[in-house]
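Fit chains B and C to the supplied structure of chain A, relying on the hints for placement.
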Amino acid sequence: MLAEIVERLGGEVVGNPEVTVSQVATLESAGPGDIAFLAQGRYLPQLRATRAAAVVVAHAQQDATSVPRILCNDPYLYFARVSALLNPPQEVEAGVHASAVIEPGARIAASARIGPGCHIGRGAEVGEGACIAAGCTIGDETRIGEASRLFPSVVVYERCVIGRRAVVHSGVVIGADGFGMALDAGQWLKIPQIGRVIIGDDVEIGANTTIDRGAMDDTVIEDGVKLDNQIQIGHNVRVGAHTAMAGCVGIAGSARIGRHCTLGGGAIVLGHIELADGVHISAGTLVTKSIIRPGTYTGVYPLQENRSWSRTAVLLRNIDQLEVRIRMLERMVADLHAKE
Amino acid sequence: MLAEIVERLGGEVVGNPEVTVSQVATLESAGPGDIAFLAQGRYLPQLRATRAAAVVVAHAQQDATSVPRILCNDPYLYFARVSALLNPPQEVEAGVHASAVIEPGARIAASARIGPGCHIGRGAEVGEGACIAAGCTIGDETRIGEASRLFPSVVVYERCVIGRRAVVHSGVVIGADGFGMALDAGQWLKIPQIGRVIIGDDVEIGANTTIDRGAMDDTVIEDGVKLDNQIQIGHNVRVGAHTAMAGCVGIAGSARIGRHCTLGGGAIVLGHIELADGVHISAGTLVTKSIIRPGTYTGVYPLQENRSWSRTAVLLRNIDQLEVRIRMLERMVADLHAKE
Amino acid sequence: MLAEIVERLGGEVVGNPEVTVSQVATLESAGPGDIAFLAQGRYLPQLRATRAAAVVVAHAQQDATSVPRILCNDPYLYFARVSALLNPPQEVEAGVHASAVIEPGARIAASARIGPGCHIGRGAEVGEGACIAAGCTIGDETRIGEASRLFPSVVVYERCVIGRRAVVHSGVVIGADGFGMALDAGQWLKIPQIGRVIIGDDVEIGANTTIDRGAMDDTVIEDGVKLDNQIQIGHNVRVGAHTAMAGCVGIAGSARIGRHCTLGGGAIVLGHIELADGVHISAGTLVTKSIIRPGTYTGVYPLQENRSWSRTAVLLRNIDQLEVRIRMLERMVADLHAKE
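Protein chains in written order, with our numbering: chain A, 11 to 350; chain B, 11 to 350; chain C, 11 to 350.
Among the hints, a few may not be true.
[To be verified] In silico DMTMM-like pairs for lysine to aspartate or glutamate, Cα to Cα no more than 20 Å straight-line: (1) C:Lys200 <-> C:Glu151; (2) A:Lys200 <-> A:Glu168; (3) C:Lys299 <-> C:Glu315; (4) A:Lys299 <-> C:Glu315; (5) A:Lys349 <-> B:Glu340; (6) A:Lys349 <-> C:Glu350; (7) C:Lys200 <-> B:Glu101; (8) A:Lys200 <-> C:Glu168.
[Claimed, not checked] Anything over 10 Å on all C-beta distances counts as not near chain A; from chain B, calculated: (9) Ser121; (10) Val177; (11) Ala286; (12) Gln314.
[Unchecked claim] Covered by chain B, according to a simulated footprint, are these stretches of chain A (three or more residues, beta-carbon under 8 Å): (13) 136–149; (14) 175–187; (15) 197–209; (16) 220–227; (17) 322–335.
Worth flagging that the hints you see were computed from the coordinates, not collected in a lab.
By construction, the Cβ of each residue, glycine as well, lies at the ideal position given by its N, Cα and C atoms.
Isolated chain A (complex conformation) (with noise of 0.2 Å):
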C-alpha cells in the first residue's frame, strides 16, 4: 500500500493511498502492480501513457498524471529506496556445501553460507551472514566480514580483508600481485609483492575487475566505493570513500583517488598521480597529472565521420604548422601596419 510507504520512507500520497504495488517497473512497461517514477520532465509522455498502479514524481509533477501518485524531493532517490523495500537481498542458507573444501584453522561464522566447490584456506575468516557462492576461492588468513555477499568464482588472495556488506560480483580478483618489476640488463625482475589488500565497509566491485595486492604498503579501497565491472586498479591505489568508477576504468599503480569522486567508462589514471575530493573525470579521458581542485575533467578526441576525421587528424598532427604560419602572417601584418 502506498501509505505504508509514506509511513516507511516519507513524502506524501496523492490519489488512493490503498493502492498496492508489489514491484517496481519502468514508465513504459509498468503494469497493473506496479510502481513507476519520473525522474526527469522529458519522460511526461511516458508518464502520460503509463499503465503502472502507482508513479513517484517530484512535487513540481503532481498534476502531471492522475494515477496515485507520491510526492517526494528526489524521486530517483526515492524509487531506490521503494525498489530495495520491495526487492530485499535473497536470504543467506546458512552451512558449508558438502563439496566445499576448507582448510584448518579456517572460521566460518554459524550463519555464514559456503557454496559448491568454494576453497576457503588456512585460518581464513568469513563473517557472520556472509554468503560466497559457488567455486569461489579465499586464502589463506583472508577476512571477509558480516553479511558480505560473493557471487560465483570471485578469488580473493591471501591475507586480504573485505569489510562488512559488500558485495563482490562473478571473476573478480582481488590481492593478485601488483605489476612490479625491475629491469636486469633488459629482462624484468619480479618484485615480490607483499602487501595486502584492505576493503572498507559497503563496497561493491563489479564484475570481472581486478584489485591488485600492494607491492610493500596496502591496497586501500574506503568505505562506500562502487566499482562497476572491468575495472583494474593498481598495487597501493588508495579509492577514498563514497567514489564510485564506471566499467573499464584503470587506476595504475600508486594513484590517490580522492573522496566522492567519479570516473567515467574507460577512463585511465596513470601511476602516482592525486585526485582530489570531488573531481569527476569524464568517460574515455586519460589523467596525466594530478589535480588539486574540485571539478569535471574531460580530454575526449571528438567523432566524426571517418572522412573528416582523416582531414582533421591530419592537420592536428601539423598543427605546429598552422601555427608558424600565423607567426608568419603576425610579422607581415605588423610590417605591413608599420609601413603604413
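Then chains B and C, alone, in the frame of chain A:
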C-alpha cells in the same frame, strides 16, 4: 577430395579434383594435405611459394598458381566454410559429471553434458546437445538453449536466457547486477537490478566478457551477435542482430546498438546513446552522441613520436588562442585593405 | 645481516654490517627489522625520517643518511633482489587434491601440486614443481612447464603450451577462440580456430588477462614477457621476448610486437601492425600503423577542465576551417604586399 568439397560448397576445381586435403593452413605454413587460400592480392608472393596441396582463390586469380585450386567468388568466406567442414565441433559426451551439483528442479536434457564441478541452480534448464564445461555456474531458473556450448568457468546469474547454438568462452559473466545507484547525501544507494539478460540464437561471447542484467527491463543481445573478449555490456543495453564488437569494447547502460554494426577494439559507447543499423565505429573511439546515419565514424588522437606529441598537445590545448590570433589578423588585414 | 646480503648480491655496507633485516618496506612505513631503499632524489625527506633498520642507496647518496646502508649502482634493482631473497615463493606441497578430476592420459609430475576442484584434461602434462591452484581447468594435451604457478581459476584450453617458471594469475584465460569470422550475406560465419597458444619461459600473466589461440598458426608469447591485468591478446599475435605491457592493453589479431618493448596502460595496437624492438607506447595510445624505429610514441588527447575541453573540441573538429582562414589571410597579405 576437392571434388567433394565443391560438390558441397560450390565453386569450380582447376587442376586435379582428386587431391585430398585434411586441414586448412596459411599459404606460408601449409604442407602436403593442407588447403590454403588467397584473399588479397598482396599475398600473391606467398601463393607462389606455397607448399599447400590445394588453394582457394577468386576467379580472377585462376592463373596465379599451378597448384590445384578451387575458384569461387569470395575466397575468405569459402575458406571459412571449408574449415568448418574439416573442423566440426567436438562431439558432446552426454551426461552429468559425478562432481557436478545439480539443484532440485533443474532440467538437464538427456543429450546435454554437464562437466566436473559445475553448479546448476534450481529450476534451471539445459537444452539438448548443450555442453556446460568444467566449473560453470548456472543460476536458478536460467535457460541454456539447445546445442549451446559454455567453456570452463562461465557464470550465468539467475533467470537469464541464452538461446541456441551459443558459444560462450571462459570467464564470461552474464547477468551480474548493473551499475545502478542513487546518490543519498553523498553516499551511493544500490538500486536492485531485477531485469534479466536475454540472448538470442547463434551468439558468440569472448573470454572474460561481461553482460549485466537489466535494472528493471532486460538487457537484450539479439541473434547472431558476435562479441570478442573483455567486452563490457551495461544494463538495459540492446545489441541488434548480427552486430560484431572487437575486444575491450565498453557499452554503457541503456545504449541501443543497431543491427549489422561493427565496433572496433576498445571503442566506448556512452549510456542512453543510439546507433542506427549499419554504423561502424573505429577502434579506440568514444561515442558521445547518437548516430542516426549508417557510415564509419572515428575519433582517435593521431600517434606521434613523444616529443612531437608534447608540442602538438600544448597547441591543441590552446587552440582557442590560435583562433583568437587568426581573428585578430583578419581584423587587421581587413583594416589594411580598407585603407588601401 | 647486511654482511650476508652484500656477500650474495654485491654492493658495499656503510655502518654496522651486523644489522639484521627480515623484511623489506617503504621508507615511510619501515620499522625495526626492515630494510628500505631510496631510488629517486625526491624521496630524500622520507629517507631522513625513516625508522628502517637499514637502507639501500646509490653510491652518490652515501652521506644522505646515518642509517646502516648498502651502496650499489641501481638501488631499485638491488632492492628487488633483496626482496626476492627475503620473500622466496611459497613451497609447493606436492600432490593431487582428492577433489581434482584428472582425465585419463594426463601426466602430473610427482613434485607438482594440483589443487581442489581442478580439471586436468586428457593427455595434459604438468611439469615438476608446478602448482595448479584451486579451480583451474587445463585442456586436453596442454603442457604446463616446470615450476610454473597457476593461481586459482585459471583456464587453459586444449593443446596449448606454457613454459617453465610461468606465473599465471587468477581469471586468466589462455587459448580461447580468436575472433575470426567471415561475412556471409550480412551474417557472421565462425572460422574454426585451430592454432594454439605457445608461451615461453619466465612469463608472468596478470589477473583476468586473455590470450586467444591462433586461427591456423599459433599465438606466441616469447620468453620473459610480462603482462599486467586485463590485457587482451588477439589470435596470431607474437609478443617478443622481455616485452612488458601494463593493465588493460589490447593487441588485435596478427599484430607483431618486438622484443624489449613497453606498452602503457590501456594502449591499443590494431591488427596486423608491427612494432620494432625497443618501441615504447605511452598509456592510452592507439597504434594505427606499424612503427619501425625504436623510440617513444604517444597519441593522447590532453586533459582539460570540461568547459575548456568543449571549446577546444569544437575548434579541433573544425580545424580545417582554421586552416582555410589562414590560407585566405596568406593570400590577402600577399596581395597587400604586392600592391605596396
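Notebook entry, point to check: Which numbered conditions among the earlier hints are violated in the structure presented, ordered from lowest to highest?
Noted result: 1, 3, 8, 12, 15, 16
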